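A.B. asks: Below, each chain spelled out in residue letters.
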Amino acid sequence: MNAISRRKFLKLTGYTIGAAAAASSLTPVIKGAKKINKEKVKGIQTIPTYCDICFWKCSAIAYLKDGELWKIEGHPNDPLSKGRLCPRGTGGIGAHFDPDRLRSPLIRTRERGEEKWKEVTWDEALSYIAKKMNKIKEQYGAESVASFSHGIGGNFLKHTLKAYGAINFGAPSFAQCRGPRDVGFELTVGDSIGSPERTDIENSKCLVLIGSHLGENMHNSQAQEFAKAIENDATIIVVDPRFSTAASKAKYYLPIKPGTDIALLLAWMNVIVSEKLYNIDYVTKYGFGFEQFAAEISSYTPEWAYPETGIDPDLIRKTARTMAMYKPATLVHPGRHTTWYGDDTQRSRAIALLNALLGSWGSKGGLFFPVSYSLPPYPYPAYPTSTKEKLDNPGKKYPFASEEITTGIREATITGKPYPIKSWIVYSTNLIFALPNIDETIKAIQNLDLLVVVDTIGSEIAGWADVVLPESVYLERHDDFNMSPFKQPFFSIRQPVVDPPGDQKPNWWIAKKLAEKLGLGNYFPWNDVEEYLDYRLKAGGLSLAKLKKEGVFVGEKKPIYIEEGVVPEFGTPSGKIEFYSPQLLQAGFDPVPKFTKVEEPPTGYFRLLYGRIPVHSFSRTQTNRILMDMYGENEVWVNQDIADKWGIKNDQYIKLKNQDGVISNKVKLKTTERIRPDCVYMIHGFGHTSKMLKGAYGKGASDSELITRYKTDPLMGGTGMNVNFVTFETEV
Amino acid sequence: MARFAMAIDTKKCVGCMDCVVACKNENSVPEGYNRDWIVTITEGKYPDVHLEIQSQRCNHCDNTPCVECCPTGASHVNDVGAVVLVDHDKCIGCKACLAACPYSARFINPEGYADKCTFCIHRVEKGEMPACVNVCPTHCMHFGDLDDPNSEINKLLASRKFHQLLPEAGTNPRIFYLT
Amino acid sequence: MLELTTTRHNPMIDPSLHVWSWEIPLYLFIGGLVAGMMIISGYFLFSKRYKEIDCVCYSLPLISLIVLSIGMFSLFLDLEHKLFVWRLYTTLKISSPMSWGAWILILVYPVIIANFLMNPLKFIEVKFPQITKLTTFIHQRPRLIQNIGIVNMILGGMLGIYTGVLLSAMGSRPLWNSSILSILFLVSGLSGAAAFVHMIAQNVKERELLAKADNSFLILELFVIMLLLVGLLTTSKVHIAAARLLLDGPFAAQFWVFVIFLGIIVPLIIQLLAVNHKIKHTPVAPVMVIIGGLILRFIIVYAGQFSKYLNVL
Ligand SMILES: Nc1nc2c(c(=O)[nH]1)N[C@H]1C(S)=C(S)[C@@H](COP(=O)(O)OP(=O)(O)OC[C@H]3O[C@@H](n4cnc5c(=O)[nH]c(N)nc54)[C@H](O)[C@@H]3O)O[C@H]1N2
Ligand SMILES: Nc1nc2c(c(=O)[nH]1)N[C@H]1C(S)=C(S)[C@@H](COP(=O)(O)OP(=O)(O)OC[C@H]3O[C@@H](n4cnc5c(=O)[nH]c(N)nc54)[C@H](O)[C@@H]3O)O[C@H]1N2
Ligand code: SF4
Ligand code: SF4
Ligand code: SF4
Ligand code: SF4
Ligand code: SF4
Ligand SMILES: [Mo]
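Chains as they are written, first to last, in the working numbering: chain A, -19 to 712; chain B, 2 to 180; chain C, 36 to 348.
Source of the hints: derived by calculation from the structure; they are not laboratory data. A portion of the hints provided could be inaccurate.
[Unchecked claim] With a straight-line cut-off of 20 Å between C-alpha atoms, the simulated SDA-like cross-links for lysine to any residue are:
hint, chain 1, residue 1, chain 2, residue 2
1, A, Lys298, A, Thr281
2, C, Lys117, B, Glu112
3, B, Lys12, C, Leu39
4, A, Lys237, B, Pro48
5, A, Lys629, C, Thr40
6, B, Lys91, C, Trp138
7, A, Lys574, A, Glu283
8, A, Lys629, C, Leu39
9, A, Lys629, B, Lys91
10, A, Lys423, A, Arg689
11, B, Lys91, C, Ile129
12, A, Lys117, A, Gly499
13, A, Lys231, B, Pro48
14, A, Lys208, B, Leu157
15, A, Lys96, A, Arg83
16, C, Lys128, B, Thr41
17, A, Lys679, A, Glu613
18, C, Lys117, B, Gln55
19, C, Lys117, C, Trp138
20, B, Lys12, A, Glu211
21, A, Lys344, A, Phe466
22, A, Lys625, B, Pro48
[Said to hold, decoys possible] Pulled from the structure, derived: some chain A residues nowhere near chain C, Cβ distances all over 12 Å:
hint, residue
23, Asp446
24, Gly482
25, Pro562
26, Gly641
All figures in this text were calculated on a predicted structure; none of them were measured in a lab. Glycine included, each C-beta is placed from N, C-alpha and C at the ideal position.
The shape of chain A in the complex, shown without the other chains:
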């Protein structure tokens, strides 16, 4: 039994609803939503819901002034937001007012990608889709309908598709985001990091950030806890080729050469092991294969790492000793977007091992054991079963993939193997921006008989669709409960706070109506989503009316650290922390992470790096006028000396050309001392090409466009995207 399947059996400290119901005590400060602004209630109205500008799902309270949406604030009882939203959440009301929103269903009238549409009714659109889907089922089987869906809003639609017989589902959150990290930890400690991350940042005494640019990466609780750590005078160590905001808070900033983090991690572990600074009791008690591991890493001295990483050996030693000094309250942050170089699972494994050496896994100030509620599921009829294999990872080509690989589905759609894919149903993911190599995505789309995109705005992927379905935004709809595992069991509700401005519909309605068109109405025994929600709450002994008023139910604190009595279980084959991994060896991989050099940029070229800005989420907020008012186009960061050499000036527009000759849109230069000379950096999500996005079209440049190359992680299929090189075109 490999680590991943074993992990599925381990539900760490889960809590059932009964225990929690008694615990929820809350001063009801908030009025519930009865009718929304239909009758324009005078004065101030407050309605709790949870945010959807990213996947963190912070609970919030929306304010209406005379029936109009006014502002949104964090929910004080919510463990995620603690009463404060991040800037994107605060600006989230801009999603409701967005003038570029899709207003009615669209069916394509010309070639794919030309963005020529006719407006149709929902009935026409759904009938059209159902007819095509039935035809595909007849000709190829239901498995030939694949779906990409990101975020909680996709749940109901997935339900419809599973009822239909679909088995291929993917989200970019695995192979383009946190996949390598979660697999790296699963291979090492037998459990994943999950989302929200199980990082106890606020209690850590030494926080190590490898790339994770907290403060720019605005995942709310993490940013808040990061500030707490600063306040507590935690020693912060930041490893990043760019002097990030987090770096400016650090005691030690390590200006690493991109792609060499494994070498640094090995050297750190070498120091900690050779100087016997590791948590000996912990390693003895929970570790497996430590001797082999120690032998393996004995040659990775800081002096060995220096030429690779560019980090001074003394600094490596000093930081390693600092980490050891604060153990086990040292948190080596596992990161989140970890699909960098294709060796990412092994890098994440090295991070897991470093945490293990320090005893941070399971300790206060390290990586805690999350707790959550669980509500009984709604009793639906069983889904049809399929004899076909999922095609995202046929033959377990990537043996340790623990979730579906989006790019695997894309590849199968191109090759038609092991069986053809004829339709993509895309919900809330802009595949054109999210997947590396746009040409491959478009090539796959050309093989489809049906591309349906459910979106709120005319995103790039919507531009390629046959049918576009306009969804109401999160402020206008119900969704499933948020029951994220975190430091305290809690769950929260999303409910409409305003009416949609046009003919937009919520996902549950779309899913239900489509099911009915497909003759699968029996899979939706409820008439209205509130019935569904009420059923699940009642089954747990709670009431919808109360939750609608209060927004969040918070359970009692439960132990989340070993020192509080949690007995750790490790879902690895050995049941221990695998410093040395026999299952990796067996599968033909390094049982202890090794460093291999990454390809260097040719002269005149620079490695393209990318990341986040606090006021935007990916490619989804560039038509939100409030957030665009904060940051309206991205810039490319170029080291000042390089800029001087090239004779290019701050604020000047240039174009980037990558190794494959792809030339970007014009983009402003930010010449700065905050980045290494061998790389450039830009914010992901800009340079939109869909003409439907009036507020975003042509503003800034798109990293996605320049990421024509990617390096696939052989362990789990993640797509390393930091492997592209660009040069400057100074004439624009």
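Assemble chains B and C with the ligands onto chain A, guided by the hints.
C.D. replies: Same frame as chain A, now just chains B and C with the ligands:
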């Protein structure tokens, strides 16, 4: 007499602009205008770089060139908290105050009057914190009364190093940046 | 290396202050010019030159009134909240040059009108016979005429100084923040007015006198400009930077060419030659002086807005 002030902890501020977004919503600041904004100051040579991030707005100065130059009395110092305010109905839009403010903290609202940070006096009077302070995810902003020796802000100023913006302008600004 | 970034993007404020465009420099120029004309006209009344039938003190007041009204209208155009303009006269705020400027202007009008009444226009005399009585009344009282002259000079002086104080009171803009600015604007107003009178004077003696006066004003103006710049250059960093805006910065070309060279030095040479009877009097020099004075106001207003304490503030 209260004298409201802010102390902003630059060690904790991450420049996320939540304070800017919150002000927009709370005060219906028109698109394209700012009552508050983020300034970053980067010094040094890579990799030995020092970065300071400041959330800036009207400093509600003790000495107010903006009020002094106002020909109509529209710009005034409020009785409560010595907050510097503009009376929209008295303002002729002569822009003298815009030019007189060394911090360029003011702008002309599209409706024609001089506009700027009010320290969210409408909230403060209700016992709430200003919108920007209330939203800040890093809790790096502190608002309080300088004349109250027991206020949190006075304690912070007593225990931490800080600086004000352009002390040489002689305005004695009441926003303090803790370093 | 110092890198500064700001996310502020307020219209009229960023990337650099530009709250005032052509209206204010025009207004300040006109204010100075009228001030100069009031002083000249007042001086002629005071020195009894009004006894000459073709004295400019008979034509200047009307010109002043018209030009001043253009200036006032220009100021009005600059207001963003025009309907509230009456608010200026609901209060007198001593600390606000803008406020006492507004009140000075209110006083300036009757004073110029008093001068004007000495020789009202024909059609006014026809339409309002009482006016003729007033004119006769004034002409019968030499002391009153002298007093009108004195008041014109005083208010002219105040007006001229006020146009500078409006800017120099702004401690926020290093270029403006010098009391010499008021003197400069007054002197420049005088030189402009003298040039103007020099150009239009019917009376040969007056023309000669004003050409000479203008030459002194121009020399004085050069000196005052030098004082202003030296003052800035010997203050703080930001003041030096402000001075350099004019000396070798973005405004240097206009400053050296139009203000110093074509606005002062060249006309000064021409007029020196003219008063020494080497060449004939020509309107070229006065026109240059007047244009130079206008450009001076533009440069000071624009460069002053450009000058600040720090890039991002
Ligand atoms: N505001 C905002 N916040 C977000 C999101 C958003 O869209 N907007 N998205 C959320 C999501 S889903 C994710 S996955 C996270 C992503 O956020 P993180 O996981 O924190 O981001 P990273 O992928 O680490 O990438 C960015 C940083 O890595 C550095 N970096 C690049 N290459 C290397 C390298 O080789 N070595 C090292 N050590 N550093 C390197 C870059 O300079 C940059 O500072 O952000 C989350 N938070
Ligand atoms: N080049 C590059 N690629 C990346 C990344 C990168 O930084 N650079 N980051 C990677 C990471 S970490 C992640 S997590 C993924 C994220 O990838 P995605 O989840 O695909 O993120 P977005 O690009 O924001 O696309 C989201 C789409 O959903 C739509 N949408 C938003 N709200 C709603 C809604 O309420 N209903 C519906 N139906 N649609 C909605 C938006 O309009 C947008 O079209 O991208 C990955 N890919
Ligand atoms: S982190 Fe920000 S955008 Fe994401 S859910 Fe929370 S408030 Fe919304
Ligand atoms: S909200 Fe707080 S942390 Fe964010 S920029 Fe403003 S002051 Fe800084
Ligand atoms: S910051 Fe500017 S506007 Fe605010 S009180 Fe001071 S001088 Fe006046
Ligand atoms: S713009 Fe308004 S507030 Fe400012 S000085 Fe003029 S009248 Fe006063
Ligand atoms: S105090 Fe109020 S008005 Fe001032 S910046 Fe903060 S939110 Fe805006
Ligand atoms: Mo992600």
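A.B. asks: Next, verify each hint and record whether it holds.
C.D. replies: Hints and how they fare:
no., hint, verdict
1, Lys298/A with Thr281/A, "holds (13 Å)"
2, Lys117/C with Glu112/B, "holds (11 Å)"
3, Lys12/B with Leu39/C, "holds (18 Å)"
4, Lys237/A with Pro48/B, "holds (12 Å)"
5, Lys629/A with Thr40/C, "holds (15 Å)"
6, Lys91/B with Trp138/C, "holds (17 Å)"
7, Lys574/A with Glu283/A, "holds (16 Å)"
8, Lys629/A with Leu39/C, "holds (14 Å)"
9, Lys629/A with Lys91/B, "violated (45 Å)"
10, Lys423/A with Arg689/A, "holds (15 Å)"
11, Lys91/B with Ile129/C, "holds (17 Å)"
12, Lys117/A with Gly499/A, "holds (13 Å)"
13, Lys231/A with Pro48/B, "holds (13 Å)"
14, Lys208/A with Leu157/B, "holds (16 Å)"
15, Lys96/A with Arg83/A, "holds (15 Å)"
16, Lys128/C with Thr41/B, "violated (38 Å)"
17, Lys679/A with Glu613/A, "holds (5 Å)"
18, Lys117/C with Gln55/B, "violated (36 Å)"
19, Lys117/C with Trp138/C, "holds (18 Å)"
20, Lys12/B with Glu211/A, "holds (8 Å)"
21, Lys344/A with Phe466/A, "holds (14 Å)"
22, Lys625/A with Pro48/B, "holds (18 Å)"
23, Asp446, "holds (41 Å)"
24, Gly482, "holds (31 Å)"
25, Pro562, "holds (51 Å)"
26, Gly641, "holds (32 Å)"
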